[in-house]
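Enquirer: Sequence:
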Amino acid sequence: MIKKKNIALDLAYCIIAVGIMNLVLQLIVYPIINGRVGEASFGNILYFIGVMNILSPAFGLALNNTRLVTPNRERTENYDYVKILSYFSLASVVIVLLLSIFNNNFSVVDLVLFSIVIILALVRNYSSVEYRLSLNYKRQMNFYLIISIGYLGGLGIWYVTRYWQFIFILGEAAALFYIKITGRVFNLSNKKTSIYFKEIFKSSTLLAASYLLTYFMCNLDRFVLLKCVNSEAVSQYYVLSLLGKTIAIISGPINSIVIGYLTKDKRQITKNIFLKCIFLMVSLGGLFWIICSGITPIYIKILYPNLYTNVLQFNLLVNLAQILYFITNILLVVVLTICSTKWQFWVQGIYAFFYLASSIFLSINFGLYGYVCSAVISNLIYFILAFVVGYKFAGRKIR
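So my numbering is basically just the index in the sequence shown, starting at one, shifted up by 324.
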């Protein structure tokens, strides 16, 4: 039986670690880069960091979660996953090279170094499966702390070389070194694939496709509002959604705990248990909605007084959209443990198509208000789809 005390402690470990890593990036690394290179160059750097934040977790976490939920995972080989990692790494580098065609501000050296960053970050996102398999979240906390220290150390190399990529290269490499000395996911005593290789490759590829959609959709507002409304609308939606999106950072550690314990626990998720999970998620979401909706006007009044009057009317709706997105992503992790990965792909695919189409149409016709309505409706549909799929498969003897 899994102890609730252990779950709470593990969740605390994860939130602390991820929180520190994000604070290091947002409060130290990014401001220092911006201060040294200037706004224009920093914008180019952020573009590539955005690419990294889509590709690396999409491919890395897809393989990570696939290993956790694969039936007979004890019979699979490390080489199965390492081989798929090489495929995903190659695909990521090809995508980076294609995207570089539209950005002429980077040299060949920049692109080579950035490709190394992408590969290291991708492998790092997969490698944390080591601690999720063993439920050793204290070591996972150390893992993220080492990344943070590596980023800070990388600042020194950047000052000498002027290549910002070394900040991330050192951080990601330090984390992988820690994995190497404390874990076994990269031990290749048997350099042959298992009979489950094709199944793992198919599942992880489908999951990666759905994750690519997810991480792209996280940034949809910036593209649609800029093209369909104006830059002011981008700023207004940004300040309104900032707190709600920050809450989403918590979903990473929560998802890690949820999928780790669900795949370790031998009890079947019945429809009754599934409904209890829904009640817990909705209650948690309601609490966060109240908190975010209450605090958002205060911080906007203090930090963005010029936007306060124009955005206040959208406060409740924007935060509702973000919270619906937050709880649905947690729900999908539960769904992933009880049915095939193809269902998650279809849920996220339908959500992405509807959100993209409705946001463009409503933004063109109704401006920022139209986009806000699209966000709420789309994320509500996202939640309903995840609920229907989860309830359908709850209690069945299939993954």
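Just so you know, the hints here were simulated from the structure itself, not pulled from any lab data. By construction, the Cβ of each residue, glycine as well, lies at the ideal position given by its N, Cα and C atoms. A hint or two may mislead.
Computed list of lysine-lysine pairs in PhoX-like fashion (alpha-carbon distance at most 25 angstroms, straight line) [said to hold, decoys possible]:
1. 600 <-> 716
2. 666 <-> 595
3. 569 <-> 551
4. 716 <-> 595
5. 516 <-> 504
6. 407 <-> 569
7. 407 <-> 526
8. 716 <-> 526
9. 515 <-> 526
10. 407 <-> 666
11. 625 <-> 666
Simulated DEER-style distance windows between Cβ atoms [unchecked claim]:
12. 628 <-> 358: 11 to 21 angstroms
13. 347 <-> 481: 44 to 54 angstroms
14. 688 <-> 347: 21 to 31 angstroms
15. 436 <-> 604: 18 to 28 angstroms
Enquirer: Would you pick out the hints that fail for this structure and give their numbers low to high?
Expert: 6, 11, 13, 14 and 15
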